[in-house]
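Protein chains in written order, with this note's numbering: chain A, 1 to 399; chain B, 1001 to 1348; chain C, 2001 to 2251; chain D, 3001 to 3225; chain E, 4001 to 4305.
The set of hints was computed from the structure by calculation and includes no laboratory data.
Ideal placement from N, C-alpha and C gives every residue a C-beta, glycine not left out.
Just so you know, not all the hints are guaranteed correct.
Computed list of lysine-lysine pairs in DSS-like fashion (alpha-carbon distance at most 30 Å, straight line) [to be verified]: (1) C:Lys2167 / E:Lys4102; (2) E:Lys4102 / C:Lys2149; (3) B:Lys1222 / C:Lys2229; (4) B:Lys1099 / B:Lys1089; (5) C:Lys2229 / C:Lys2211; (6) C:Lys2234 / E:Lys4113; (7) C:Lys2026 / D:Lys3017; (8) B:Lys1344 / B:Lys1142; (9) E:Lys4285 / C:Lys2214.
A short list of chain B residues far from chain C (calculated; beta carbon distances all over 12 Å) [to be verified]: (10) Asn1160; (11) Gly1175; (12) His1227; (13) Gln1230; (14) Gly1242; (15) Pro1243; (16) Glu1281; (17) Glu1292; (18) Val1330.
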Amino acid sequence: MAVEIKNRLDLAAKSSDYMHIAGRKIENIHEELLELEAKGEVKVIHIKDENKPLYAETLFGWKKKIPTNKLWHHKSCGQCGNIPGYPVSVLWFMNKLGLEYIDERNQTSCTAWNYHGSGTSNPVGLAAVAVRNWHRAYELGLFPLFHCATTFGDYKEMRNLLVENKELRDEVKKIMNKIGRELVIPEEIVHYSEWVHVLRFEIAKLKKYDLSDVIVTVHPACHCYKMIPEDCIYDKEIYAGKRTAVSTGIALALGAKVADYSTWYDCCGFGFRHILTEREASRSFVMDRKIRPMVREANSDVCITQDTGCTTTLDKNQWIGKAMGYTEQVPVMSDVMFAALACGADVFKIVQLQWHTTDWRPLCEKIGIDWKKSEEEYKAYLEELRAGGKTVNLYEYPS
Amino acid sequence: MPENILVIGGGPAGLHAANELAELGVSVSLVERDAFIGGNPKKFKYKFLFPDLQPAENVIGELIKKAESNKNIRIYYSSEVTDFKENGKKFDVTIKSPKGTETKTFNSVIVATGFEHFDPATDSKYSYQLFDDVIDIKDLEKMMGEGNFNRPSNGKPPRNVAIILCVGSRDRHVGNQYCSRVCCTVSVKQAIELKEHFPEMEVYIFYMDIRTYGFYEDLYWKAMEEHDVQIVKGRVAEITSGPDNTVICKGEDTLLRGPFEIPFDMVVLASGMEGGPQSPEMSKKLGIELDEHGFLKPANITLSPFKSNKDGIFLAGACTGPKAIVDAIVEGGAAAMNAYIYAKKNAQ
Amino acid sequence: MLNERPVAEKGEHIIARHLIEDDRIKEEKNLVIDGVDVSGRWNTFIETRVDSEYDRSFFEEIKKTVVGSRINRCWQCGMCTASCTVTPLYRRFNPRAFIYMMQLGNLKELKKYVDVAWRCVGCYKCSQRCPKQVNPAEMMEALALVVKKYFPEELEKKALKIDEDVKKIYEEMILGRGRLDLAKLHTGSMRKMGRSKELLGKKIERDAIFKMIKDGRAFSVLRLGTPPKWHNSKKAIDKYLKNIGTLEESL
Amino acid sequence: MEYDENGVSIVPFEFKKEIFEEAKKDFRYEEYVRGCLNCGVCTGGCPPHRFFDFSPRIVLQKCKSNDPALVWEMMDEYIWACFQCFTCAMICPFLNSPGGVIAILREIAVRRGFESAKRVLKPYSRVLLKLTAYGNQLSPDMIQPDFFPDWGPHIGYASQDLPLKRKAIPMPTLQVTNLAWDVAPETMKELYTIFDEAGVFKIIEVVDPSLYEIIMDIIDDVRSS
Amino acid sequence: MENLKENQAAYYPGCALLTIDRAYNNSSKMVAKKMGIELVEIPDYNCCGIGEMKSKGCVSLYLPLRNMEIAKTKLGSKNLVMACSVCYHEFTRSIQRVREDKSMLDGVNAIFKDAGEEEYSPDGEARHILEFLYNEKGPGEVRKNTVKPLNGIKIAPYYGCLYSRPSMYTFMGKKPVMDDPEYPHFMHEFLESLGAEVIHYGNEVQCCGGRNVVQDEETSFKLCSQTLSKAKNAGADMLALICPKCAGALDVNQPKIVEKFGKDSELPVVYLTQLMALAFGFSSKEAEISDMISNPLKILKEKGF
């Protein structure tokens, strides 16, 4: 039976100064990619100065270039369909920070959720979809930013497969020819949470509320840090460089307390197919392996995630816990949504917590956010729209 | 005029080689990067050596005393070889020490630059440096050498301890595919010492294969039969926070085919041995071959394990691969004899 | 061989259902929460199967017994199971695993095997071949002690109950009289198993019994008697068993 | 189909061999299945292992055994217990990817239209439809109380007044209800070409013919618009 | 106390041999006598525990050792001969356990003390009749005494488990020759000396499941049918035993086994000492061959006995 682990609040901010030994570990895919580019085999979407890149260290000590400007949003179906506050918060911050980007209709899903859930695709299909979307960013002269962790993981894998297999490249080139596109590969595959991570101190400057009383538990996304792990950000100032730093980084930068719990490494129970068709497994996993430890061990006020599926799974499955005596509840939101809350974004119009199942109101009250006022305003706004009013958009399509 | 022989590295192998050569009347120059000699056993304060659990001081202290008292041996502390040139069958070597730089001609050279302990901090799954109570083999050796058997986090005796084998060995993630040979034996030795100090403590060893080869097996049997050390088959996959200030080791018990998540007061990582940065450095400076594991490569691993691929340069000890102190000493002797023969032949 | 995929009673919508033991599936047939009908699969939960502690006290307990004194030696090489006479007949009978579970104090896992654990035939092949002289054959006796103490309810199940009852007959005879009356053992056991009718009702049994009566062997049993002064031994044994302070203690 | 007591379908050995060969022919197989030390680290971190008697170590061991019968044992149900979280691949000291092998095996099960795969995918067809017909896997109007009673009464909130609430989202791409975001028809057409070429439609035809018909109708509409 | 003479040995009969398996008891004594050793029964013997008392701590050790103590005090013999393999196992086990573990010796002696008996010190050995006759007299002596060789009879020797296993108990300190625990051969040699044809069939030391024969017929019958059919298929006319427990499983239960597993498992079973008695010139009546349920008399008659 789990017991409170109160003394582990300091763990996340622990630092360490070990040395990575250069030249060991897995071969660096980036060098091979550049070789292919030199041979004219592929085109590479480079991160240019105009992308205002910042650097972060990955698991084995490589420097990863994270572009922060001139980005092409590769949205996530789960986020847009289910947790709209998720992409909206990203755009909200981009506007706040005065960064350039494009969000458009010419983008498909990465199709990897379907693949990992059902197996109804193949590497050629996955890689072609990936390249199509990459090429769209390329032709606009922008760098793609991926919102979903599964997209991120899948695209990392597709990049590696494309770099390593000529046959696959040829297949994909053939398909690209048919749709009038080319084989392009981005220099780095970048997840929005990495963008948040490298800009976390900039973001923290926008902070409106004091979070020092808020205890946060972080749920890292498997497809972020477990798939192609060498590409993930680890920071020696965060968890002593032992756990992926994104999400924890922004929570710390915002001044919240990050508590450890015993099932940090566990997945959320999404299981791709399971969340839709076998929720028996998903909900058991959520309650037993994630929510209960988060509440019992860490007394957590909020669970912070970095991915679509995790947010949905952890949020939606708490209510049914009552059926089997799981009384623990904790609001769930992504790191960027939490940051937006802290920086004064509207609870309803921007962060859109109204779509969430678990009760997030006590958290708002703890932070000092007047959610009732927001709710009133939102209701009035809806009436306005119903009467034929126009949406106040964060962004308009480029003409 | 006596032969001049250079020994690089003042660990067990280098010291023994130097002592043997000095006995033969050779003039030995011993270059040591640290301010002391005795190598890793001295540096990390090893307490007892297997298999007979004699105090490390008896062995290492004896080697140091001999070297320091022999006037045929000149020891360069805190020094390094900065320049190395072949001069016919001889070698012109520049040694940089705090006292200055000097260039000498040597008839032959023995490389005994030893190994480095694998740093478990570079393998994230073990949470080393994240949890105070997760320590490694050399930390524990040092603690025990100082008479401290308590938990680093709170100074209290641990109720149970997990020892995790194959940390940094047999793992492609960290780039080390080889078996480090001695960690199993050191671990069972440490388990015995822990149990002797705290008989009530529970000690568990998580293993994939236990490789206490040869007579070292005696220690393994002793640990089980006399000290009730429990072995559990399964490598640990994760270490996380546990209740009451413990850390939880998670893994699969491959014999029961089920998951375990056990809280421990202290976890000891049996980190392996690596060639360290000094091996490629030697390879570059001396122009000798490096193997795919990051150690120096013997000319013929079976016939002449103590020879480098270059005539006149000999290898001894853990610079050619993980080995026990006794093997390092044996190789020191063998390298000394071969270096002496080479020097004698080509003295004119 | 089955013509249809086996369907479980609970959690039948879980694809890999046979990878979960039945008792780990929690499901309410009819359930309404907050006005929402979540009957059946909508409230199914699966319990985890994680081992979260090692119970060493259990190991110490076994180590104190005569039969289990070498439990600390076992290194799980599997020679015992490889040699075992019973394993080929009952795959789940695995001495190596039983010893391991006892070493780690994993009662939860052990309990799953109680139904086969008693089947050891005591042939000592395992003990002969064990490279560390753990004596697995006797470890199975230790296992019986464990079952008796920790899962007394399991002893009520049919096969185990018979084993236990027969053992009791042996015990009463040997400790009570100092000698064993094989005829009485046979008839007593048959009675315990509810097979008394077979004794004279079944031709094979009847033939053997008549044969033994005819050649006089049946009556020799009656003359076996009890060693003189056995009551002294009996008293000493009883005293020992009361105060032994281990799993072997008789209550 | 006949099944053994573990729910594994009974097929001739030759067929098992054929399936195993098909898996081995996949260009990723060699990279995913290198060697196995049987150390159990993969399973030690495996989330479904906590609930199912499912173990990536066993997956690897069975593949390494080179015994088609053992691999076949996993084809019906075993492979579908995996959560595809890739903890195993992250941690394996041999750099195997048991999760990746499972993806290959699932592909085969689906491509071949195994009964088990059909059973698994039946409730999944709505997602397949959205994805292949519109290039977008999920839509806000899919979350209906009927399908998600276990997500509680709040689910009702999402489905009430949905178009208005979607309209209130300050991103033009998101102001639709039948898709997660508004995908341009030209973009959909590109995707159809990709799926055609990669054989994805063919797979769906095998595994769910009626779904295939529906999808084709939609595609024809989009293509002719 | 009456000390034994030189050609006498202390003998532990055991419960089965005094009753149901009297044929084994009597033939053993007859054969030993013929070979020059008189087996003298110890008085006031008690049951060895027959393997069923192992869960009773030191009681399981006390039971056999009490008999060793009787042999020592009443007959002045440190050693004790017995014909039953189960008894043999219990005796050797007890002696070995108290020898290597002082705490167990103390436990046993506490019972001895409470019972008002003399304390036990582990200095003697238990001997199995086969091993005893082999080591004391040898196959040569057998051949010498054979007056009616068993020519033309194909015999499958069956040792069972506890005669030879585990060697850490059974053959500790036995001189001059130890039988092989995995491939015992003393009975082979005896049978050859008797003039019989020895059949090799692979199940010589396979278990008969006799220990659980009462409560677990299922297992025992399966094991027995394997052994019987293997021997029969190898061409054996009969199976020779050295343990009454094995007889319980293979002989007494044979009709049931045949009923369940078919005629393949039908094979006459006889004790080694009975065969020796026949070859030594005793009549089949004296050897009490008719006691066996599996009817070895028929084949013996065919072969001229």
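Hints the structure fails to honour
When the structure is compared with the hints, numbers 3, 5, 7, 8, 10, 12, 13, 14, 15 turn out to be violated.
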